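Could you put together the complete structure from these sequences and hints?
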Amino acid sequence: MKIIAEIINELGGDEAHAITLCPGKLAYVRGVRAVEDLTPTKVVLVCGKKVITAEGEGLFAENYFQGDMVIKGDIKRVSVE
1 MKIIAEIINE
11 LGGDEAHAIT
21 LCPGKLAYVR
31 GVRAVEDLTP
41 TKVVLVCGKK
51 VITAEGEGLF
61 AENYFQGDMV
71 IKGDIKRVSV
81 E
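Anchor point for the sequence shown: position 28 equals 28 in my numbering, and the numbering is continuous, going up by one each time.
Hints should not be assumed to be uniformly reliable.
In the DSSO-like style, the derived pairs of lysine-lysine whose C-alpha atoms are separated by at most 30 Å in a straight line are [said to hold, decoys possible]:
#  : residue 1 : residue 2
1  : K25       : K49
2  : K50       : K2
3  : K2        : K72
4  : K76       : K25
5  : K50       : K25
6  : K76       : K42
7  : K76       : K2
8  : K25       : K42
9  : K50       : K72
10 : K2        : K25
11 : K50       : K76
12 : K76       : K49
13 : K42       : K72
14 : K72       : K25
15 : K49       : K2
16 : K49       : K72
17 : K42       : K2
Hint data in this document are derived by calculation from the structure and do not stem from the laboratory.
In this text, all values refer to a predicted model and were calculated from it rather than measured experimentally.
Okay, structure coming up:
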């Protein structure tokens with residue numbers, strides 16, 4: 001996804017660890033090292049030193065390959081700790 005890489009670069013972010021969110025539809029997370037929890041209401045991912053939590057309804061991992069994950073469902077909230 002070249003456009004996402006360009007946006008992250010323009011903002012001075014870390015391209016290896018990023019979240020692209022379409023509220024209520026999907027989240028695209030880069031740099032996933034581990035999946036701590038994966039239920040229909042919560043997905044918890046370890047990305048480097050950060051933990052990303054997506055909450056909502058009907059959540060599922062559509063794709064998970066080489067550290068990139070696509071979460072689909074009715075995403076209500078995403079937090080980073």
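Broken hints, by number: none
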